[in-house]
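Enquirer: Make a model of the complete structure from these sequences and hints.
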Amino acid sequence: MSTDGGKHEMGEVLLEMRGLRIEGQSDEQWHEIVNGIDLTLRRGEVLGLIGESGAGKSTIGIASMGFARPGCRISGGTIVFDGIDMTAASEETKREIRGSRIAYVAQSAAASFNPAHKLIDQYSETPVQHGILKAAEAEQDAKDLYRRLQLPDPDNIGYRYPHQVSGGQLQRAMTAMAMACKPDLIVFDEPTTALDVTTQIEVLAAIKDVVRQSNTAAIYITHDLAVVAQMADRIMVLRYGDLIEEGDAREMLANPKEDYTRQLVAVRTYKKEDAAAAASERPLLDVQDVSAAYGNTLLVLQDIDLQVERGRTVAIVGESGSGKSTLARAITGLLPPLKGKVLFDGEELPASYKARSRDQLRHLQMIYQMPDTALNPRQKVRDVIGRPLSFYLGMDSQAREKRILELLDMIELPADFADRYPGELSGGQKQRICIARALAANPEVIICDEVTSALDQLVAEEILKLLQRLQDDLGVTYLFITHDLATVKAISDEIVVMLQGRIVEQGEKHEILTPPHHEYTELLLSSVPEMDPDWLDGVLEKRKAAQ
Amino acid sequence: MKQLVKLLKSAPPTAIFGLLVIVVYVFVAFFAPVLTPYGESEIVGSEFEPWGEGFVLGTDNLGRDMLTRLIYGARNTIGIAFATTCLAFLIGGFFGLLATTLGGWVDQVLARVVDVLMAIPTLIFALLILTIVGTSIPVLIVVIAVLDSTRVFRLARAVSMNVVVLDFVEAARLRGERIWWIIGREVLPNSMPPLVAEFGLRFCFVFLFISALSFLGLGLQPPTADWGSMVRDNATLITYGDITPLLPAGAIALLTVGVNFVVDWFLHKTSGLRDEH
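Protein sequences, first through last, are from chains A and B. Going by the working numbering, the letters in the first sequence line up with residues 1 to 547, in that order. Going by the working numbering, the letters in the second sequence line up with residues 1001 to 1277, in that order.
Just so you know, the hints here were simulated from the structure itself, not pulled from any lab data. Glycine included, C-beta positions come from ideal geometry on N, C-alpha and C. One should not assume that every hint holds.
[As the list claims (entries may be wrong)] Keeping only pairs whose Cα atoms sit at most 16 Å apart, straight-line, the calculated EDC-like set for lysine to aspartate or glutamate is:
{"id": "1", "chain 1": "A", "residue 1": "K143", "chain 2": "A", "residue 2": "D155"}
{"id": "2", "chain 1": "A", "residue 1": "K341", "chain 2": "A", "residue 2": "D305"}
{"id": "3", "chain 1": "A", "residue 1": "K339", "chain 2": "A", "residue 2": "D286"}
{"id": "4", "chain 1": "A", "residue 1": "K354", "chain 2": "B", "residue 2": "E1170"}
{"id": "5", "chain 1": "A", "residue 1": "K143", "chain 2": "A", "residue 2": "D153"}
{"id": "6", "chain 1": "A", "residue 1": "K354", "chain 2": "B", "residue 2": "E1177"}
[Unchecked claim] With the Cβ distance kept under 7 Å, some of the chain A side facing chain B (calculated, not the full set):
{"id": "7", "residue": "W30"}
{"id": "8", "residue": "T332"}
{"id": "9", "residue": "T373"}
{"id": "10", "residue": "A374"}
{"id": "11", "residue": "L375"}
[Claimed, not checked] Stretch-level coverage of chain B by chain A, calculated; a stretch enters the list once three of its residues show a Cβ under 8 Å from a Cβ in chain A:
{"id": "12", "stretch": "1113–1120"}
{"id": "13", "stretch": "1179–1193"}
Expert: Okay, structure coming up:
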């Protein structure tokens, strides 16, 4: 296993794009989504493509196979892969190359595997189909690769079905599948974005290792500069289909030239000042000894005790499956707890939301993870924000209109947005509308369930700053559920760390973030990628030494 | 208005044809008394007169004008089919949305009742009830609507099941909204496109069903003109090589095809499917 992380041999040019233009169709018209990109990739080199959604990074990655998504077309430029012009090549030639010489690893491994076949059969399919290996050889190869990718029980894991392994394992099995034909080039399209940080680090380490060992060239697509810093030799920063900056990974991180790159490097450094808790007789929200289960059998929350003081932000951190969203459902009454109680301002709330009074409901508002599904696509912004105003506060149309404009101003959107439908807004704008809807009720507590995780980093940071400003102005209390420790650092006063339905550690932010940590908190904290190309190797070495 | 013109321009020829057929049928149905030379059940000549002067399409088994009957038939059959479909959608759609929005035992009970209803062959069930209760137009409408609403229920339930789990519905629940508001404002608008498409198809089925019942003598009762019974009454002409009895059947077929073309186009548009080569 090589952990030197240094330069390795790079050969001749493998892939070259010149003036690549790709158009996408919307409303029966063609719009350019990639505007003349030049890209050169040498054998054995890892190139990082980074940018926010809509930057065209995935489109370029797929174009390296001479392919455009349905509704898109390659309208100009050349793509030469190892001397073959992919734009002019016949379907037959391209099909030969795809899979055997260029492989693709998609973001969602779960959606890329056929649930009806065993992992190893899906692994063998491509090499056998292309006539490179016999089935038995392919199985042997698969086990070998599974071992190198550090999958548990590599000799037998291949005989499981996709649903029988975890998300991180599936992503590694997908990487193994991509490497089956020993391709010259692998395109990784956000392979770790859907994973927990602690899983992400394992997958990153495995991918990095295998790519280095077999000296495969790779295009690594991601929106997270810290992740790409671990993987890539060279980075291209893209925005709206244009190249912003290109350069050596280390050089770029140390010394970004363009404004946009500087913003990306500086992202996640926003941090809230520590504020001491104001002395108060009783907490605003008091969760006492709550346990909850789905279907009365599987306990997903066990004996949760949690206090939230007025005007403060409590962050609940944990990986997927830790029960943090279930806790939100228990507090809001969507999932009545099996035992324990929830007190609001000293008064016990009925377990089910159906039994709560309109005022009790008003005090607790929610903001959701996916702004796309949190807004009714058939209601205008005016109706979305206006409904709580007339429902809770009984405003007439005139007062409501005035308040809607005030709220739009608070969330920093122009007044004419009131007449728009959610479909006409960007992700960040939609999330702002969700914030306005919550604020419209004049709530005491807002529960934020992963509100930034579906957004681009720069947009997410703007949302966090907005939430902070609103807290400073209005004194609203936040219960902030997230898996992202950078968000926690940015916004919280107190931190609650959850694992498998239990609280493992809780306290003031500075207490939790300064050593000594609880074992699990330590694992979480050390798994967050940093803007340092040596971070991954460093962490792995440290963990090895500790064992 | 401008949008409508643009929409029509982008429609495929089949949809235009379908729309044209529907427009002509509706026009004829509305202005039946103006367009027809004689009264609906007026006996104007001898039995089975051939096509020609006076009677463009000849006369039927009682000596009534065929063209007049055909036009009035459009009015009766389409009108009743439309009313029936509307009622079926009101019943089925309402209970379907109610079942998903409330969930739990309400959903289970409603779904099982519908399962039982659907287990009985529709035509036999309808024949049974109509023989017992007798055949008047209101009874006919209610019986067919209730039988058909089971299919609508299933569709409404399946479609809205994907909507009620979305966050904005949960947000409305947490806000404390009443069930009617949630159904009417949050769930229904987002379940509409498949339901509208189904409306077109269901209309065809209802309309065929009424014709079938009439053909069997349990649908619209004489002297009301109706395409199904017109086929039956004049069926003997076929043996003499006269195609007149096929005209009402043709009218049924043409409308069915037309409605289906329009529904196809609508489904294609709303589902976001694009023609890929």
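Enquirer: For every hint, state whether the structure bears it out.
Expert: Against the structure, the hints come out as follows:
no.: 1; hint: A:K143 x A:D155; verdict: holds, 5 Å
no.: 2; hint: A:K341 x A:D305; verdict: holds, 10 Å
no.: 3; hint: A:K339 x A:D286; verdict: holds, 14 Å
no.: 4; hint: A:K354 x B:E1170; verdict: holds, 12 Å
no.: 5; hint: A:K143 x A:D153; verdict: holds, 9 Å
no.: 6; hint: A:K354 x B:E1177; verdict: holds, 10 Å
no.: 7; hint: W30; verdict: violated, 13 Å
no.: 8; hint: T332; verdict: holds, 6 Å
no.: 9; hint: T373; verdict: holds, 5 Å
no.: 10; hint: A374; verdict: holds, 4 Å
no.: 11; hint: L375; verdict: holds, 6 Å
no.: 12; hint: 1113–1120; verdict: violated (count 0)
no.: 13; hint: 1179–1193; verdict: holds (count 4)
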